[in-house]
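Chemist: As a plain string of letters, each chain reads:
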Amino acid sequence: MKQHPCFHCGDPCGADAVPYDGKDFCCTGCKTVYQILRDHQLDYYYELEAGAGRTPGATEGKYDFLDDPDMAGRLLDFQDDTHQVITLNIPAIHCSSCIWILENLHRLNPGVLSSQVDFPRKEARIHFNPERIGLKTLVQLLAAIGYEPSITLEQYSSAKPRRNRKLIYQLGVAGFAFGNIMFLSFPEYFETGEYWIEQYKGFFRWLMFALSLPVVLYSASGYLTAAYKGLRSRLLNIDVPIALGILVLFMRSTVEIAMDWGSGYFDSLTGLVFFLLLGKYFQQRTYAFLSFERDYRSYFPIAVTRLRPDGAEENVPVYEVAQGDRLLIRSQSLIPADAILQKGQAEIDYSFVTGEARPVHKAPGEKIFAGGKQLQGAIEIEVLKPVSQSYLTELWSDSAFSKNHRSAFRNLTDRIGKRFTLAVLTIAFTAAGVWLGIAPARALDVLTAVLIIACPCAIALAAPFTLGNLLRRFGRKGFYVKDTDALERMAQVDTLIFDKTGTLSTTRENSVSYTGIELTEAEAGALRNLLRASGHPLSQTLYRELAPFRIVPLDHFEEHLGLGLEGEALGQHLKVGSRSFVKGGALDPAQGTEVHVSANDAYKGCFHIHNSYRKGMGPLFDRLRKGYRLALLSGDNPSEQQALENLLPPLTPMYFEQSPMAKLHFVRELQQEGQNVLMVGDGLNDAGALAQSDVGIAISEDAHLFTPACDAILDYRHFAILDRFLAVARKGMGVIRISFALSLLYNLVGLYFAVTGQLQPVIAAILMPLSSISIVVFTTVASNWIARKLE
Amino acid sequence: MGVIYMLLAISLLVALVFFAAFIFSVRNGQFDDAYTPSVRMLFDDELVQDPPEEPSEEPTKQPN
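Protein chains in written order, with the working numbering: chain S, 1 to 791; chain W, 1 to 64.
The hints are simulated quantities; they were obtained by calculation from the structure and are not laboratory data.
Just so it is clear, CB atoms sit at the ideal spot from N, CA and C, and this is done for glycine as well.
Don't take every hint at face value.
Taking CB as the label site, the calculated pair distances span [said to hold, decoys possible]:
no.: 1; chain 1: S; residue 1: Asn109; chain 2: W; residue 2: Asn28; range: 23 to 29 Å
no.: 2; chain 1: S; residue 1: Pro12; chain 2: W; residue 2: Arg27; range: 46 to 52 Å
no.: 3; chain 1: W; residue 1: Asn28; chain 2: S; residue 2: Val434; range: 53 to 59 Å
no.: 4; chain 1: S; residue 1: Cys95; chain 2: W; residue 2: Ser25; range: 22 to 28 Å
no.: 5; chain 1: S; residue 1: Gln284; chain 2: W; residue 2: Ile23; range: 15 to 21 Å
no.: 6; chain 1: S; residue 1: Asp67; chain 2: W; residue 2: Ala21; range: 42 to 48 Å
Short, incomplete list of chain S residues facing chain W, as computed with Cβ under 7 Å [claimed, not checked]:
no.: 7; residue: Ser96
no.: 8; residue: Ile99
no.: 9; residue: Trp100
no.: 10; residue: Val117
no.: 11; residue: Asp118
no.: 12; residue: Pro120
no.: 13; residue: Lys166
no.: 14; residue: Gly172
no.: 15; residue: Phe176
no.: 16; residue: Asn180
no.: 17; residue: Met182
no.: 18; residue: Tyr200
no.: 19; residue: Tyr655
Could you build all of it, start to finish, from the sequences and the hints given here?
Modeler: In structure tokens, the structure reads:
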């Protein structure tokens, strides 16, 4: 069969292609988007990038709460009667076509005044006229063209974070002052004693003083406060010698020009601050479109539909849901609280919680837990506990989430900083003491010179540039690390713990095996046609696995929710589904992995659907075993143990049926034994362990969808080279240590000048930027060199 | 020699103009998203007729 790519989304169309306007579409959803765009002369969308679209999802009733002005008001950035502004997070933004179509929304609906996309953040800021288009209609319009915004409880309940632009201002001020002071101090470097310099040097010097004031007071304020905070909590971090150097530089320079002793060191001072801030800026650039702090709130809905006793529906904020409320959960909606199923058949996908994509069936009267997603049909539930007290959300009350135990982590730079500060102070005071004996007048001179030249600018730059560069290289390979501290902790890890479902096993592929009497061609064809008609995930998995067969109309089709399918095609009467449904007998506990088949009331056999493990998992474990302790921690039953033992190195410890809390405590116990633990997980059930571990990595099949709070997000395609990432992180620390040695070398040269009392401003002005720049060059080249193995 | 004062004043003034331009562009949000404009400028001419966004019409009381 020929596989045409869908004109809209680029997916292969398969057997069910929808031809329209001479083009093939994979589904009517894609066709509809094409129709909308074509009707508004927006086909340019398809010229920018072929197959760029996304299939729209069902939204009926989902956004009714946006009609409520109170709830809508909390999402808006700005509102008055004729003008409202909203910033929407749209995860589907991925290419230039997306930017174009979203910035041309006003052509789809004249109520939209203008819109602007921030591509790195995957956000669109939309100005609209509420008299012509309501917020709900706007959101539905976006959803209809495949750009459904994600509106979550998190955005609703927390104030929008202000963009912090302080660093870039500080950098600008420092750069401005640095450049101008450099010009102003140049004449005095070389032409001392000339007539015109004697005439103007006072003016030049005070101009430099004026330019350096904002640098010390504003640009360097971060270092001064950090050093103050460090000292107050009795920590000698790297900021202490930096702040000391800055202050001494400034005071000595001021005294020098006031007393007309010399030109001061304003050039070195501003250059130092400028380079330091440049390093900080380099370090701070992170992945704006990813969120590393998500908890359950970021995927819970804002509002739910409550049923009043008289049967009327009303939309209420999810926080107002109380025990005993009756809620209507629509198809494809999340269950917000622990509840008892009252009406309807529930097919619940707990993949957010457990990583397990196979749905669980529940009948009325059974308990269902928050976090699951109802797949098919509407259900009614009665709430047992408010949202914040459900089984799932209680995990977040553990101390692993409330206090940030990682803030206690002291990075290599700070650990060196302590010894460095002590050494510098010792040298400074010894030298000053010696000079007190030789020439008392010069003792203060030497003391300040040592503090200036020993300012650890290069040391402070080594880590930001090395790790910042590695961060970027990792990001290019689909491994998004939150910050440089997380990368440093990664280099220290000695124990790796893996979750099973969703982490080692993939939900994208399944392997299917069949046991029983072989199906005839007619039976197999009928089976495939029957499965095609069903929206159940198991049916669809099986449908994809079976050999293609021509499509025939079904003579009869009936779906028994939670049980199976029944239908007739090609003269075959088939029953497909759970054992009890097909074979009769007692209801068995829902075994999601078996699909039984009978044809014309004769039992045929059973399809088993297995987890399929990620490619390269076995070899990865073999390589990792050489350097790390490994363990497997699963929330599932041990039915897959045998399969895993065959795949993984012998004697890998495996623990099954671990609750989210048990996972967290497992990690905590290992840490108490002094191990540095890296946890690899995916679902919300790993959230506790990810938060508790020294480094938590979330495996993601789509980084823009949900991942629990973590230190790093790893694209599933690069799972097999996890060991290389860890090795590169370790080597990165080696690069930093070499740069420390290098910058100490510079310091020794400078100290020689300082201790012997011959530190000229020009020497400081050359030595300090030279050491900084050479460290930046060295770390960039070296980190690129060690990261080449990732390619 | 008074010319030195004048030259200095002029050169500082020029530098300050650039500095002010920098501050203005940061405030204006031009440094927040360095990627999207690079794509936007490549869209076909046909579309530039009605530019998608005029930053100046932004209400003044914006939080960011």
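Chemist: All the hints need checking, so say for each whether the structure fits it.
Modeler: Hints versus structure:
1. Asn109/S x Asn28/W: 23 to 29 Å: 28 Å, holds
2. Pro12/S x Arg27/W: 46 to 52 Å: 48 Å, holds
3. Asn28/W x Val434/S: 53 to 59 Å: Distance hint for Asn28/W, Val434/S holds at roughly 56 Å.
4. Cys95/S x Ser25/W: 22 to 28 Å: Holds: the Cβ-Cβ distance is about 27 Å, inside 22 to 28 Å.
5. Gln284/S x Ile23/W: 15 to 21 Å: 19 Å, holds
6. Asp67/S x Ala21/W: 42 to 48 Å: Holds, at about 45 Å.
7. Ser96: Where the cut-off is 7 Å and the nearest Cβ of chain W is about 5 Å from Ser96/S, the hint holds.
8. Ile99: 5 Å, holds
9. Trp100: 6 Å, holds
10. Val117: 6 Å, holds
11. Asp118: Status holds, d = 5 Å.
12. Pro120: 5 Å, holds
13. Lys166: With Cβ-Cβ at 10 Å, over 7 Å, it is violated.
14. Gly172: This hint holds: Gly172/S lies near chain W, its Cβ roughly 5 Å from the closest one there, short of 7 Å.
15. Phe176: Nearest chain W Cβ about 5 Å off; hint holds.
16. Asn180: 6 Å, holds
17. Met182: 12 Å, violated
18. Tyr200: Hint on Tyr200/S: holds, closest Cβ of chain W at ~6 Å, below 7 Å.
19. Tyr655: 44 Å, violated
In summary, the numbered hints that this structure violates are 13, 17, 19.
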